[in-house]
Structure formats: C-alpha cells, structure tokens
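Spelled out, the chains give:
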Amino acid sequence: MRRIHPLQWLPSLLVLAAFILLWWLASHHQWVSKVFLPTPEATWFRLLEGVASGPLTEQTLQTVGRMVQGWLLACGVGVVLGAMIGISQNARAFLQPILEFIRPLPASAIIPLAISIFGLGPNMVLFVVAFGAMWPVLLATLHGFASLEPRLHEVSSALQLSAFDFVRKVVLPSAMPDVLAGMRLSMTVSLIIAVVGEMIASQPGLGQAILLAARSFRADELFAGIVLLGVIGFVANALLGAAENWLLRWQRT
Amino acid sequence: MSADPTPALQFEGVSIRLGGKEILSPTTLDIRQGEFVCIIGPSGCGKTTLLRAAAGFVQPSAGAVRRGQEIVKGPSREAAFVFQDYGRALLPWRTVAGNVSLALEAMGVPAAERPVRIDKVLQTVGLSAHADKFPLQLSGGMQQRAQIARCLAQEPSMMMMDEPFGALDAMTRESLQDELSRLVRDSGLTVLFVTHDLEEAIYLGDRVVALRSNPTPGKPSVAAVVDVNIPGPRSQLSTKEHPEYLRLRRELYHFLGHH
Amino acid sequence: MARVNLKSLRGAVVPVVLLAVLEWYARGPGKNSDALAPPTEAAASLVGAVGDGSLLQASFFTLGSAAAGLAVGFVLGVLLGTWLGLSARAGRWGFLTVEVMRPIPSVALIPLAMLVYGFGVRMEASVVAFAVFWPMLVLAQAAARQVDLRLLEVADALRLSPAARLFKIVLPAMVPRLFVALRLGVAIALVVAVTVEIAANPHGLGYAIMLAQQSLDPALMLAWLFWIAVLGYAVNAGALWVQSRVARAMGASV
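Residue numbers (my numbering), protein chains in the order written: chain A, 499 to 751; chain B, -19 to 239; chain C, 53 to 306.
Derived by calculation from the structure, the hints in this document are not laboratory data. The structure presented is a predicted model; accordingly, all values stated were derived computationally and were not measured. Cβ coordinates follow ideal geometry from the N, Cα and C atoms, glycine included. Heads up, some of the hints might be wrong.
[Claimed, not checked] Output of the computed footprint for chain C on chain A, the stretches with three or more beta carbons under 8 Å from beta carbons of chain C:
no. : region
1   : 564 to 574
2   : 586 to 596
3   : 642 to 650
4   : 713 to 720
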C-alpha cells in the first residue's frame, strides 16, 4: 500500500461527513419514513447504550465467537485437505471435478440439511459456518499447492531436498499467497453465514438482534446492529490484511 | 588444472526423443576435470536438453551420461544447475542468505555452521552487502549472482549453466562473465556452459562445442569441437581483438545458423 | 484410445461412489432419517417438481431477482467505480466512504429490506444490488486506473473530447476486466439471492428447500439442493464462457 500522508485523508473525511449530514437531513426532514431511517444521533446513542449497558456487546461477542470458531475449523480442515489434494496429481484428477461442482453452491443452501441433522441450535450454525467457510480456503490452498513453479521443483531435486523439507520449505511457502487470500475470503463467508444462521435458528447474536429490531419497527436498534456488523467486517478484514502483508512482505519490491 | 585423466563427464552416444520428436541426436563427448566447455548452436539444436541430461533432469532415450564412472540417474549435489530464468529459480520469500542457506540445509549442515559458509560464498560472488535483501529487491544481475552463490554452496564438482546471462543487459553480462571466469579459475570447477552468444562462448571457454541444427536420428548432433587457445587471462577489450579469437569467431560463425 | 477415455472418467468415480453409498445407506440403516434420502427418490422428487411447475417457478424467481439486483448493482457500481478510477481526486475523496460502507455484510441489510419492501422481488433484488455494488465499484476503479498509459497518451495526441476519450478508449480498454468483474458479480448475485430466500423471503429456490426440510421431506430437500448446485454451476460456467469469449475477441491476456 502506498503511504498516504495523513492530511490527504481530510477531503475523504469531509466527504464522509457530508454523507452523514445528508443522512441527518433526510431523517430529520422525513424525506424517508422514520420507520425505515432513524436519525444519526439516535443510532449513535442506541449504539453507545447498547454497548455500555445493553445487550449489544454480548451479542457482538456471540456473533464474533461463532464467526471465529467456524473460521478456525474451516481453515484447519481446508488447508490440510487442500494441501493433500493439491500436491497429488492423482488426487486432483479424482477430486477436482466434484470440487468444481460444489464451488458455486451457496453455503446457506446447506442450512436445511444441517437443520435436519442438528436441529435449530448453536451446533447447526457452527456446522454451517465451518462448512461454508471451508471451501474458499480449501480451493485456494489446492490451487497454491498445485501451481508450484516447476523451476522450484527442479531446484529442490538438484539440491536433493528430502520430500518433507520440499513440502515444508518450498511448496508451503510458495502456496502462502493463495492460502492467505483464501483465508481472508473464508472470513467474509464466516461472518455472513454466522449472521444468517443466527437469524434462522434464533441464536443469540447480532443476526437475531437486527431481525427482532426490524420486526418491532425499532429502526435505531436495527441501524446500530448494522453498524456493528460493518465494524466487525472491517476489523476482521483489516487484521487479516495486516497479517497477510506482514507474512508476504517479501513481495514488496 | 587437475591431472586426473578420468573425464569428469562423458556422453556416450546420447540421444533424446521426447513426444516422438528427436531432440538430440547421438552425441559423444568427453569433458575433462576443471574444463570450461561452452556449447553453442542455433535454436532447436538440443543444447539445453544436453545440459539437462548432464544434470540428470532428463534421461537419454539411447546411450548414457556418465559422471566420473557412474551413470547419471538423476539430479545430484555434485552437479549444480544454474537456470536462465533466475527469478523463477530463487525462493522469493527467502533473503539472499536464506536462499543460499537452503543448499546447506539440504546438505544437513548444522545451523551453527551455516552463517560462516553463507558469508564465504556471498563474498565470492560479491553479494555480501545484500545478504538480507529479498530477490525482488535485487537487479537481474544480482539475482543471477545469488543463484550462482546457492549453487556454489552445494560444493559441487561440476556446474551446468543454461544461458545464465542471456536475460541480462550487455554491461551486466560482461562483468558477470569476468567474475565467473575468475571464480571458476580459483575453484577448479568443471563447467558446462550453454549459450547462443558465440562471442561469449569463445571468451569464456577452454573448448567450444557446436551442435548442428535439426537433430536427425543417426546423424551425430556434434558438428564441431574446437579448442580455444588464446593465451593469458581474458579481458573484455584485448581478448576480443586477439587474432586467434577473431579466427575462431569466423570459423564458428556459420554453426549458429547464420547463412 | 481406450486409455484416454478411462483417464477422463476418473473425475466421475468419487461422485458415483458417494451416490451409491448414499443410496445404500438411505435405504438401509438410515431409512427413517429426516436428513437423508436415496438419490433415486430425490431424482423422482426433482422430476415431480418439474412436472408441477414449482421448479420453473422457483428458478425464475431466484434468477429473476438475482438478475434484477445484479443489473442495478453492476451498472451503478461500474459507473461510480470508473469515475473514481479515472479521476484521482474523486478516488481520494471517496476513499473513506467506500471503505466504511464496503465491509457491511449484505445479509445485515435483509431485515432493513424486509422493513422497507416487505417480502418479494424488490426486497431480494435490493439486497443483491447492495452486495454486488461494492465489489463492482472496487473492480471498476482498479480497471479504470490500470488503463494503459500509452492509450491515454494516444487519446491526448488525437485531441479527443472527454466523452470520446471515455467511450472510444477508456471503456473499451476496460471491457475484459469488466467481464471478469461481471462473472464475479453473477456468482455473488446468485449466492446472495438464495441466502435471502433461506433467511427470510418466502419465494424462490431457497424457500423451496427450506419448505421441503420443514415438511420433513428429505428426498425433495436433496432434490432442491442438487438443483441449486446445478443451476449455480451452469450460471457460473456460462458467465465464464462469456468472459473468455470476450477476452479472446479483444486479444486481452486478462
């Protein structure tokens, strides 16, 4: 990322402020019904109150907990499976077609099946989160392991690297960019499925919170929840992005 | 110069067919210990394949390649290989020192000994100041030197080089040629050097082997083998004006496919 | 000849084996399961759904809502993204707003869309549009920024008007990358549409599969699951085909 001088953020901040001002005007002058559009200050107060003394912190932690747990499971299984399949040409020949068929399937479509197996509970949500988040990281890892630069294979055999060292010191690091990108995508999927799962299974968390807020026509609570979900998405992506940049710092010329 | 009469490398009627096509016709050639042999020829003559067979990356369809007395069955640490596309042969996630270290790690050198040996080898190629840089931060010439450093760390008896300076600009190429010459002279390494640059071949080599174009079964690939008898150390200016240099250049010119 | 054919069948081995195992299990030890059914029964349910028109109806709803949302999200996203990409100043100014709005998961808007539109096409299409808008914006911005400088210099040398520059040089140069973005947008649109239906909207394929589960009809549920997978695969494959045709026609390496 280019280094952006702090002062250069100012116009961007002003534009954002302008949009918030627009929001303020729209809500106060009822350009859009108050049922749909709360005022910015109402949203802000509801947010503060919910975090300080209300259920929002607990709900956020629930959602984040589900998201992270499912993601860790998904990455663990996905990386191992992806590596095993990616490194073996035989395995790829047998498995790639069915993987390509499953790839476009919406993860949420598994929810009904999961409900049949687990019922409407936290395990169902965790299962679907892990299952849905597994595919991006599995497929990315597979690609990373399968697309090793052939030169590096030749270098490794010229150096007489043991098979174990070859995988550990050459194949795995070379697959890192793909694996990390897959993990970042998996995190996005985890958040989405966690929220949907909470909505459907009425599990405590932000997903359920915003659904209830909408049903009770409490727009300020709804918007507060949406803001928090945006924050979760932002923070998760920023953290993973920073980790990725640090791990792949050799890419920067 | 070693007095050992056993050839370092022997090609005994080696021919290679791939995908139904004759890539290299029967080739018989002996490389002496400590010799610097350059292989030239037009595109498609099989010179790179010959080199890869010497390194053990490719098995001959007929005939055998021998290193010392043993038939070459696969790659070995004895024969280091320097690729032309240095960018793809270096591990981009390791520093220069890290890349050199890979060779030592493969050899089982204990961690405590590695820094000293890495340092020595980097000094030989002149990269000591850049030990902690990543390949992408280096120029083409420096990357190629890093690859050569890693090859030297293998402590090979032989170095195969596949047009190593082909992707570099003229100035970098010339300085690397001189560095390589000096390095090889000091270490007594046997070198097999493939190039399409005739001047480079004569400048660097003790012998130049010219392969003919269009390998055909039955017809030997080797068209000519000439000794380079230019006296004294090589210099980019004076050697290239030497009459023997010019004579060899004229003699070998048409082997490159010029008409 | 025979060896070539055998090798290409390797990909079919695992699915066939899995289906056979499922068939055996669902007819034997798992006979009374609410979750699993024999593939043969699922196939029969699928045929039934075709026969009574529910397959076509549900598919049309999902694909239609997805397409409507994709159209809106893609066009708006590309237009805005192109502007932000071409004008460095606009790009800088809009940076924070985009970065703040972009991470909001589209599913978070489902309750809001429900509130505004109730249930139906508009609710679903609006969530799809939001989900598609941001990636299209980002990709279009990148594509606009990456238009070869050389081409822009040509535009200057020919003294083209801003409009001509946009339509004759910039947009055509962006087309291959825009088709790649479109392919991504298609994938996102379908996934989000199905997700909205599963979560809330009582229409379309997502609702059909939820309904099958609630009716404790595993054969029908698996039939819908299979059909959603097939549709997703077909739509994505179609988008890929279009994208590669365009890329080849324009001689691009992207």
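Do the hints match the structure? See the list:
1. Counting residues of the region 564 to 574 of chain A whose beta-carbon sits less than 8 Å from any beta-carbon of chain C gives 0, not enough to reach three: the coverage restraint is violated.
2. Note: the region 586 to 596 of chain A has 6 residues with beta-carbon separation from chain C under 8 Å; the three-residue rule is met and the coverage holds.
3. Here's how the region 642 to 650 of chain A fares: 0 of its residues keep a CB closer than 8 Å to some CB of chain C, so the rule of at least three is not met and the hint is violated.
4. Check on the region 713 to 720 of chain A: 4 of its residues sit with their Cβ under 8 Å from a Cβ of chain C, so the three-residue criterion for coverage holds.
Hint check: violations occur at hints 1, 3; the rest are consistent with the structure.
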